[in-house]
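Read top to bottom, the protein sequences are chains V and H. Under my numbering, the first residue of the first sequence is numbered 1, with each subsequent residue one higher. Under my numbering, the first residue of the second sequence is numbered 1001, with each subsequent residue one higher.
You may find that some hints are simply not true.
To be verified - Which stretches of chain V does chain H cover? Using the computed rule of at least three CB atoms under 8 angstroms from a CB of chain H, they are:
(1) 4-10
(2) 14-27
(3) 38-52
(4) 116-123
If you are wondering where the hints come from, they were derived from the structure by calculation, not from laboratory data. Here the structure is a predicted model, which is why all the values come from computation and not from measurement. Every residue, glycine too, gets a C-beta built ideally from N, C-alpha and C.
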Amino acid sequence: MDVSFLLTQFISGLTMATLLFLVASGLTLIFGVGNVFNFAHGSFYMLGAYFGYQFVSVWSTNFWIALLLSGVCVGLFGMLAEFAFLRRIYGRANEGGFQILLTYAFILIIDDLVKLTWGAEYKSLPRPTGFGGAIQLGDLFIPAYNLLIIAIGVIVVVAAWWILSHTRPGQVARAAAVDREIVSVLGVNVPMTMTLVFGIATALGGMAGALAAPLRTVTPGAGIEVIIDSLIVVVLGGMGNFWGAWFGALLIGEVNAFAVAVVPQWATLFSFLVMVVVLIFKPEGLFAARKVRKV
Amino acid sequence: MKRNLCVCLAIVLGVLCALPMAVQAQEKVIRIGAMYPMTGRAGLYGIDSVAAAEMAVDEINGKGGANGYKIDITFTDSKAKPAYAVRVATRYITEDQVHFLFGIVSSGVGLAVTEISKQHKKIFIGTDHASTQLTSDKLQPYYFRVANNTFQSMAAGALYLQELQKSKPWKTIAYIGPDYAYGHDQWNELRFSLDRLGVKYQVVGEYWPKLFEPDYNSYVTSLVKDNPDILVTGFWGGDTVAFIKQAQVYGLFKKSLYFQPDAGGNYELMSAMGAELPAGLVLGARHYNNWPETELNRKFVADFHKRTGRYPTYAAEGAYAGVYAIAEAVKVVGNPDDTEALVKALEGLKIKLPEDPDGFTSYMDPATHQIMQVQAIGVTMPNTDFPPAKMMLGDWKIYKAEDIAPPPGYPNK
Chain V
1 MDVSFLLTQF ISGLTMATLL FLVASGLTLI FGVGNVFNFA HGSFYMLGAY FGYQFVSVWS
61 TNFWIALLLS GVCVGLFGML AEFAFLRRIY GRANEGGFQI LLTYAFILII DDLVKLTWGA
121 EYKSLPRPTG FGGAIQLGDL FIPAYNLLII AIGVIVVVAA WWILSHTRPG QVARAAAVDR
181 EIVSVLGVNV PMTMTLVFGI ATALGGMAGA LAAPLRTVTP GAGIEVIIDS LIVVVLGGMG
241 NFWGAWFGAL LIGEVNAFAV AVVPQWATLF SFLVMVVVLI FKPEGLFAAR KVRKV
Chain H
1001 MKRNLCVCLA IVLGVLCALP MAVQAQEKVI RIGAMYPMTG RAGLYGIDSV AAAEMAVDEI
1061 NGKGGANGYK IDITFTDSKA KPAYAVRVAT RYITEDQVHF LFGIVSSGVG LAVTEISKQH
1121 KKIFIGTDHA STQLTSDKLQ PYYFRVANNT FQSMAAGALY LQELQKSKPW KTIAYIGPDY
1181 AYGHDQWNEL RFSLDRLGVK YQVVGEYWPK LFEPDYNSYV TSLVKDNPDI LVTGFWGGDT
1241 VAFIKQAQVY GLFKKSLYFQ PDAGGNYELM SAMGAELPAG LVLGARHYNN WPETELNRKF
1301 VADFHKRTGR YPTYAAEGAY AGVYAIAEAV KVVGNPDDTE ALVKALEGLK IKLPEDPDGF
1361 TSYMDPATHQ IMQVQAIGVT MPNTDFPPAK MMLGDWKIYK AEDIAPPPGY PNK
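Can you build the whole structure from these sequences, using the hints too?
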């Protein structure tokens, strides 16, 4: 295998990893702060892709503005879902069961809303102006849009890390993740914090959907396949661990890319194999602290 | 007095309850239990099938029904899940007492439902699923398919490639298709037909992404490295859209001929991609909106568009054909209750359908219960007659029904 092929394969893996991370980062943020597993996160990704289609292809909005607006619209939708439904089950016995039922209901509702609004036909978005071509590397090509996705992924990683560790809202969110009651006693409006976190996380999912739309098919049901891959990433990294999600996405993206190049007939097996190996040796995930069971 | 009033009320209630049953007993009805996916990735196929089947029902009932029998069709979301569809099919037979099971998009679901049909001796009309197994090694007496199977599409594909080799010599071939029965069947059937025709070729790559894979970048870069003369794909629906979108930027279609003879030419691709769809892709499907240019096809496409506001995918024509096939069989037998006579009638079915070119009428092969139809393969080129599509197929190559049928005994011989 020559170097140019290895590089293009690496960048292919990195593109997949970045899109996976952008979806998984929202999922992990909600789990990390609110201890909520948002089963419907893939549907918010799908909703973002449809908003992207509506803004760009129907209303001819500039792609970059459309990207931001898609994130904002999905974020508002997410905040509404949290405010109207999800917050009513916090602290209930068997909260996990209610979470699964409620967020699964979100999947069905969002899927039908999408079908009623945009129909069942597949939709497509063109790549933004200036990013439709590719950079030639020997005999091979690297699509400019893929490089853009990777760059946006890096910006989101750095921005999310900075917000969570260097700003007061970020610190409040992290504190709420550790103990909601203590934070509440200190005068922080915890319910509002949770709504905001849910909004930011779903906005990230929505932006990921709009960003992926020029590469993928915009269709009802598109959220299901991304939620499965994102779940693998989140579990691999350690549920709720931001850096874990980033590393998990990178691992899955690259393992998949090189498995396709080396053993194409068995490529799909490898991401599951990696998860199985990690879970056998580190069941809590690669970046999660080991829990000590007190007897 | 009070007692008399109670007796009167009981009689009136009894009469009211019995009245609908009496009316139903007199009504001449053909009951069809249809199953299609209405949600998720395959939802478009289900929604189009329902619209076209309802259109056929309205047309037939509007003309007085089949031999005086009105068609009553019930649709249930199959959820594309075999176990669920089996429960629905059983309910249709035991509770709703349907005369026919009908529909199914997924081959996996079709294979499950054909077992119920066999067990209850209830005729099952397959309208969209394409696995060759249903009309070969898994064939049972009560199953009939009114749309192409994958063997027919891939055999036509092999004939196309054989002809192409004479004008533009090609040597290497690669395949990428979904990693389940449908994808594997297509690849096996294409190679079977190429070998049968004596075509010489070398396989330089074989890739099996999962069904509904959203990201094909790594597969595309590997395919670019393989550099096949012919790139065969076995995708359907949104997977075709995603693959083409991702692959075209890598220059894959400049080096290799993109070839997708079964589901690639479905209108959903043209509708989704508009002007983004590259020219020069070689695609096939089981029905086209712009071929054949017959009055029947033009009417079918226009009526569907008038009814739904959009142009049909091929699934629609399959469902439309299925309802007409049932009506034809009932006309021959005289009633929908004599199942064995209906089986005989369907085995001898000859029916003019929208996808039939002039001079050809679709007919049922009595040995395999597979409808025999002409197959066309075309090339993407600019055409704005069916918006939002900006590209449609043209430069057609046509293959006779008899030339693309599986050989007797396939796949065992």
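Practice task
Kindly indicate which numbered hints from before are broken by the structure, ordering the numbers from low to high.
Solution key: 3
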